[in-house]
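S.K.: Sequence:
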Amino acid sequence: MAAVDQKTPAFYGVFVRGMGTDAYGSLLKQSKLTALLGAREIFSRRSYGAALTEFNFTMLLHFFHVSIVRAATAQDARGAAVFASPALAIAAAKFVVILLCTYAGAASGAHMNPNITLATAMLGLTSVTRCLMYTAAQLLGALCGVAAARVAHGWEIAASAAELGACHVGDVSQPGALVATFVFFLFLLSIIGGVAFDDKQGSIFGPILAPVCISAAVGVCIFASAKTAIMINWVECVAVGIVGGEFNGSEWISFVGPTLASIWHACLFITVPPSQEKFEPPLFRSLRLRENESQKLS
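1 is the number of the first residue of the sequence shown in full-length UniProt numbering; add one for each residue after it.
Calculated directly from the structure, the hints in this document are not laboratory data. A virtual CB, placed ideally from N, CA and C, is assigned to each residue, including glycine. Misleading hints may appear alongside valid ones.
Just the calculated beta-carbon pair ranges, DEER-fashion [stated by the list, open to error]:
{"no.": "1", "residue 1": "L37", "residue 2": "D76", "range": "47 to 57 Å"}
{"no.": "2", "residue 1": "G249", "residue 2": "I270", "range": "30 to 40 Å"}
{"no.": "3", "residue 1": "L209", "residue 2": "A77", "range": "41 to 51 Å"}
{"no.": "4", "residue 1": "I242", "residue 2": "L88", "range": "21 to 31 Å"}
{"no.": "5", "residue 1": "G154", "residue 2": "L268", "range": "42 to 52 Å"}
{"no.": "6", "residue 1": "H153", "residue 2": "V272", "range": "28 to 38 Å"}
{"no.": "7", "residue 1": "V82", "residue 2": "A152", "range": "17 to 27 Å"}
{"no.": "8", "residue 1": "V96", "residue 2": "I42", "range": "19 to 29 Å"}
{"no.": "9", "residue 1": "V128", "residue 2": "I208", "range": "22 to 32 Å"}
{"no.": "10", "residue 1": "A80", "residue 2": "E246", "range": "21 to 31 Å"}
{"no.": "11", "residue 1": "E156", "residue 2": "R78", "range": "20 to 30 Å"}
{"no.": "12", "residue 1": "K200", "residue 2": "Q75", "range": "43 to 53 Å"}
All chains, please: the whole structure from these sequences, using the hints.
M.R.: So, in structure tokens, the structure goes:
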């Protein structure tokens, strides 16, 4: 397995891009399609380690998701709300949790959201194989996190999906929620693209400031969605629905909205990169290096 690992690329996306530009040698014998699919990552110990990291931090994030929602919407002995603005309390708490998880989970790229993983795959930052591995790990992690939270708060006390922080459309229609979700996720991707995806911008913000900017963007989206709800992570919606034993029929928005936003962002990012320099997907970059080396040898 170790021998395979030395030859297998690891594309994490976001903050950590595998083994660096000097370790893309394994791609030199691959076509663009093979590099994009990344089937060889199935045999990489790094890939499974990264997927396990995604599972762990997605589980922690969703445990705190339930706990934060319940704490922010709690009432005192007189029946009055503990927090005057639950949305602000949730936004502030999630900012801290996401920030810490992003720092600690950087070894996998700290996606913790299959919609983010899909967006990185569209840009060639993550292979299709790793995208599928991450998605499976994130779904399992979300299920375990929500289930653990329900057990911790009392299985019968937190008996409904609503009490577990279920996804919902709020005071708007489903088409309205779809538009809001599209805009919220596009905003988030635009921030991530501007501080992490782009090589030049990423070198400016680095692994310290980028997570702060991204966590702040999530916090802003949560606060702004007080009346429209926010559904930018479909495993959260599915996990809460499964553990809570009920779906409200709006969960599809959490997949369709972000996917449409990812397509739009990918087109925009590739056409007009944040640094105004031509964007070349890391998965394809080594193929160009191979061609240059071949020309030098000839």
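S.K.: For each hint, tell me whether it holds in the structure or not.
M.R.: Okay, the hints, checked on the actual structure:
At roughly 55 Å, the beta carbons of L37 and D76 sit within the given window of 47 to 57 Å. Range check, G249 to I270: about 35 Å between beta-carbon atoms, so the 30 to 40 Å window is met. The hinted window of 41 to 51 Å between L209 and A77 holds, with their beta carbons roughly 43 Å apart. With their beta carbons about 29 Å apart, I242 and L88 fall inside the hinted range of 21 to 31 Å.
Against the hinted window of 42 to 52 Å, the Cβ-Cβ separation of G154 and L268 comes to about 46 Å, which satisfies the hint. Remark: the range hint 28 to 38 Å for H153 to V272 is contradicted by a beta-carbon distance near 46 Å. In this structure the hint that V82 and A152 lie 17 to 27 Å apart at CB holds, the actual value being about 19 Å. Separation of V96 from I42 is about 36 Å and departs from the stated range, judged on CB atoms against 19 to 29 Å.
Separated by about 31 Å at the C-beta atoms, V128 and I208 satisfy the suggested range of 22 to 32 Å. Range check, A80 to E246: Cβ separation about 28 Å, and the 21 to 31 Å hint holds. Checked against the given bound of 20 to 30 Å, the beta carbons of E156 and R78, roughly 24 Å apart, stay inside it. For K200 and Q75, the Cβ-Cβ distance of about 49 Å falls inside the hinted range of 43 to 53 Å, so the restraint holds.
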